[in-house]
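Trainee: Hints are included, so try docking the two chains, each in its own frame, into the full complex.
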Amino acid sequence: MDGQAIQDAALIGADALGKLMPMYLWVTPTGLIRAAGPTLAKLGGPGPLIGRRFLDCFRVDRPRALYSMADVQALQGQRILLSLREGAETSLRGQAQPLSGGQGWLLNLSFGISVADAVRDHRLTNADFAPTDLTVELLYLTEVKAAVMGELAALNTRLQAAQRESEARALTDALTGLANRRALDIDLARACHLAGRGEGAFALMHLDLDFFKAVNDTMGHAAGDLVLCEVAQVLREETRKSDTVARVGGDEFVMILRGEADPTHVARVAARIISELERPILYEGEPCRISGSIGVTLSRFYPVPDPERMHADADEATYAAKRAGRGRCVVAGG
Amino acid sequence: MHGLINRSLQSFLRDTYGPALWSRVAEQAGVAPEGFEAMLTYDDALTDRVLAASAAALSKPGEALLEDLGMFLVSLEPLRRLLRFGGVDYVEFLHSLEELPDRARLAVADIGLPDLELSSGKDGSFRLTGGAAHPGFLPVLAGVLRAMADDYGAFALVDMADGGDAVRIELLQAEYSAGRSFDLARPEVG
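The listed protein sequences correspond, in order, to chains A and B. Take 1 as the starting number for the first sequence in this note's numbering and just add one per residue. Take 1 as the starting number for the second sequence in this note's numbering and just add one per residue.
So here's chain B without its partners, still in its complex pose (with noise of 0.2 Å):
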């Protein structure tokens, strides 16, 4: 696993529960003691065991920590600018998604994100399938999804499906509230 995709796991644990808390998940899954290197990649396994050491640690179900994971990235200015590039409204970013392997890999070649699929219902329903390879990668992009949705101001409820192969999207409410603004032109740095 990219070593981006495990430096923030790294910082959503450190962030939320404390550094103690990560002292000790990164010891018993045996990471260095100077963490996750964002640029260098790391084994699948070791990935998983600081997953499998978290929520054993938190008594938290793995799938509710991942979707927390989700929400915590979209937290992080940077990666919800770069989130926001996908569409100027809620639908148009859910079609965003299927680019959105392609558009990690623009940015680190090697991120390898895998291969999402959207499907729109006859409801007005979305479904969201992709990465069976990677089983916990559907529960942090229903988190990303939801935070989204206030972010883009949309009223949108987000849930795992299909026992964990699917994230369903049903929009409720496209323009519910103003959502937080977003300008194409980098804010100024400092």
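Just chain A, with the same shape it has in the complex (with noise of 0.2 Å):
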């Protein structure tokens, strides 16, 4: 009748058992090992595991340890976690229930969650495995899920890359590598912060090429061009690798000295610069001569330093080296 438990034992072969539960165990009341199935005998080692004592062969960790068969009562129906005491001491989990007829204990294992360990360990194969057990789908998706996170993995070490270089993209000008604009207002503004706090004097200058039009209009967009790159190399040249250099625009450069704090040492430096760039530079034969005005600001001028006052002084400067003749440094307030 529907609903009610049939009484009746059902009898089954070890061999058929075996095939439907590759992996149960038939252990006797005195604690021996009746019968296994073809998985578990795999797993045995060496010998059979037939006719020897079940406690010998296995150990029972959880719930708890277990030491004598009369203990296995007490765990009917639990969930047993058990391993082999020999070889790669493979981690199982299983369950026991009561035979009929005093024929002992019939126990069904399986593997945990360590089953790609016991699979190599034991060189199992799809066959050792029910058709009823997901086990090979489990591993199907280990290795699946391994292969999608390499390709997540090389996704991401790309995309890495490309925003490495547009970030560097955004920050340099084109033509000369040097900072750009928006590099420098970043740079500077960082600068001011710092030396408002008392954390590092610097010195902006400004620098205007003179004699640069001439030259462009003379001898052409690409002698121009080599110019500039000539002039951001002279200027790379002498300054440091911690200032920041920066083309804002046609033929005017910015630069942060750090740690410049003097006027008379600022100006030497302005000279340098200005005396290499009055050496001629060969375009096709033909000599370009330019010169260039710098204007100079020094952060210590000011009790708080401002970006756009310390640029509007720095022009100032500037245009006061223009006026004076051009080819000259001027440091403001001085």
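No wet-lab data here; the hints were simulated from the structure. Any given hint could turn out to be false.
[Said to hold, decoys possible] Taking lysine to any residue and the SDA-like style, the derived pairs with C-alpha atoms no more than 20 Å apart in a straight line are:
1) A:K145 x B:L113
2) A:K145 x B:T129
3) A:K145 x B:E99
4) A:K145 x B:A174
5) A:K145 x B:E37
6) A:K213 x A:Y283
7) A:K42 x A:L55
8) A:K145 x B:V108
9) A:K213 x A:G327
10) A:K145 x B:F85
11) A:K145 x B:S8
12) A:K42 x A:R64
Mentor: This is the structure we're talking about:
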């Protein structure tokens, strides 16, 4: 009748049982292994499991250690964690149920989460798992997850590289490779902030090239571009790595010289730059002659340095240098 | 079409016919210079343009090209392994094909492989149908099935049938050669 438990015991041969449950164990009331599923028999190590004592072959760890078969009763129906005593000490999980007619216990075991290790250690194949068992699917998922994660990691690496490149592009002057105005604004704001807290004086230097327009007009843009690149090179050589050198307009350059608080020293750096700029640059065998007017201001001239204010003062100093006949440096307020 | 599928196509064209051909096809079809990204999704029409451009560039029928793509896929060890999870022998593998789209979904939820149906004929042959919305899908599978027959060591004839609406598999000998080995445990990396 529906819903009524059938009281008859099912009889099934050991072979058929092994096909249904390749990891079953039949343990006699005295604790001897009477039969084992084919997959479990494979794990047993060199000798056969059959005839040996269950507790000699397996160590029951949870829910508690088991020392005698008399205790098995208490574990009936519970999830038991156990491991092989020999070889790779593969861990297993399972459940024990009593057999009728005083035939002992039937245990059905499976691999836990460490199934991948067990498969490798015991060289198991698809055929070692029952068709109902999802172990093979679990292994499949493990592999496929590794492959997908690999693709994602590769994608992340590529995206990161692209991001770094576009960041660098956004802060660099394409022609000279110097910083651009955006980068300068960021650096100057930071420098002012630090100097305002008394953590680092600096000089702000504006450079306007002299006679550059003439080079461009008479010798062409290619000559002009070459001159700009040479100027960039001079500025890189005459400054330190920690300084900022930016091209902010056609022939306008701005430098932040960190650690600079001495007007005389800055003027000497400026003079050196100007004399380097005045060396003729050869373009297709023809010399291009330029010079530069420099205006400088120092962060220590201000109680709280402000980028706009400093730019305005350095600009004014640059005009003063131009008015005084070009090819020279003027320090603001000096 | 999922980026993984597009990227397989890209790898197949580049590895088999060289980077120059791939660049030419990509340019004609309008693929970005950096190629397909495996984890993004692209418009189906773009994939169709790549297929048309490569078939034209190689003067090869589209169907033959797709079958070659299927063979190429099985030559990639990780993919071959994933396919071998389908069954212990070729017949079991064939029966697992209906599960293939679900298996693929387990791996990549939005991969979008079409559903498949396997029917066995009285003469011991099999017929695989499905994927009507993506006519290119069955020829690729035909290539996969041909290569997998070798992999399992089975002797099978695999051909397009019913005017491209089905793949016909005739299993002549299930255990013809030793085939390639497959170990459930993943080989150690490195």
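Trainee: Which of the listed hints are broken here?
Mentor: Violated hints (numbers, rising): 2, 4 and 12; every other hint is consistent with the structure.
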